[in-house]
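Number 60 in this note's numbering belongs to position 78 of the sequence shown; there are no gaps in the numbering.
Hints in this document: simulated from the structure, not taken from any laboratory.
Incorrect hints may appear among the rest.
Listed below are the simulated BS3-like cross-link pairs for lysine-lysine, each with C-alpha atoms no more than 25 Å apart in a straight line [said to hold, decoys possible]:
#1 K96 / K59
#2 K59 / K79
#3 K79 / K96
#4 K96 / K75
Here are the in silico distance ranges between beta carbons for each label pair [unchecked claim]:
#5 G85 / D137: 34 to 40 Å
#6 K96 / T67: 21 to 27 Å
#7 T141 / S99: 45 to 51 Å
#8 T115 / T61: 14 to 20 Å
#9 T67 / D94: 18 to 24 Å
#10 S63 / T138: 23 to 29 Å
#11 S69 / D94: 22 to 28 Å
#12 A73 / G125: 32 to 38 Å
Computed from a prediction, not measured in an experiment: that's the story for all the values here.
Backbone N, C-alpha and C define an ideal beta-carbon position, used for all residues, glycine too.
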Amino acid sequence: MTMKIFMPILLIVVGVLVIGGVLLLKRTSSGTSTTQNAGARQIQKNISESGSTGANQTSGAGGSMAPTKSPAVAGIKLTVSSPVTGSTVKAAKLTVKGITSPGADVSVNETDTKADSSGNFSASVTLDEGENTLIIVSSDIDGNYSEQEVIVTYDTGVTY
-17 MTMKIFMPIL
-7 LIVVGVLVIG
3 GVLLLKRTSS
13 GTSTTQNAGA
23 RQIQKNISES
33 GSTGANQTSG
43 AGGSMAPTKS
53 PAVAGIKLTV
63 SSPVTGSTVK
73 AAKLTVKGIT
83 SPGADVSVNE
93 TDTKADSSGN
103 FSASVTLDEG
113 ENTLIIVSSD
123 IDGNYSEQEV
133 IVTYDTGVTY
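With the hints as constraints, model all of the structure from the sequences given.
Here's what the structure looks like:
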C-alpha cells in the first residue's frame, strides 16, 4: 500500500476512534448527492489521484474497517426539481423547489424551510453575480439526511 493511500486511511481510523459515534467525512463533486443514516458510521472518500472513482469504508460496532464496493447507506429521498445544475438565471432571487420525505427539515444554504405533508418544499435564496453553489440538505427526526449540490450562474446581462 503506498504512503499516499495509507496516510488518509490512518487519519480516518484515528478520527473514528477519537470522535466515536456518528461520523461522516465526505468529498463530492458538483451535482452529486450523499445520504447518511445517523445510526451507522460511514466514511466516504473519493480517491481521484489513484485513478479510482471512489473508495468507501464502513465501521461497525467492532470498530474494524473494511473496504466495500457499494456503501450500505440508508437515508431519506431528496430530489431538487428546480433549478438544475448548470443553469443560468437572470434574477438575483431564485426559488429552489423539490421533494423529500414528508415533514422533513430542509435547508438551502442558510435558508430553512419544512417539507409539507406530501414532501414538497420550496425556499427562496438570493444569488451573487456569477457562479453560485447551492447546498440543499434534508433531514428527518431520526437524524437521517440527504444532501444535494446544485450550481447555477446568475448573469445580470450587463457587460462592463
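Here is what the structure says about each hint:
1. K96 / K59: 14 Å, holds
2. K59 / K79: Holds - the C-alpha atoms of K79 and K59 are around 14 Å apart, at most 25 Å.
3. K79 / K96: 12 Å, holds
4. K96 / K75: 19 Å, holds
5. G85 / D137: 34 to 40 Å: About 36 Å separates the Cβ atoms of G85 and D137, which means 34 to 40 Å holds.
6. K96 / T67: 21 to 27 Å: 24 Å, holds
7. T141 / S99: 45 to 51 Å: At roughly 46 Å between Cβ atoms, S99 and T141 fall inside 45 to 51 Å, so the hint holds.
8. T115 / T61: 14 to 20 Å: 18 Å, holds
9. T67 / D94: 18 to 24 Å: For T67 and D94 the Cβ distance comes to about 22 Å; the hint holds.
10. S63 / T138: 23 to 29 Å: 25 Å, holds
11. S69 / D94: 22 to 28 Å: Since the Cβ atoms of S69 and D94 sit about 23 Å apart, the hinted range of 22 to 28 Å holds.
12. A73 / G125: 32 to 38 Å: Hint holds: Cβ distance 36 Å, inside 32 to 38 Å.
In this structure, none of the earlier numbered hints is contradicted; all agree with it.
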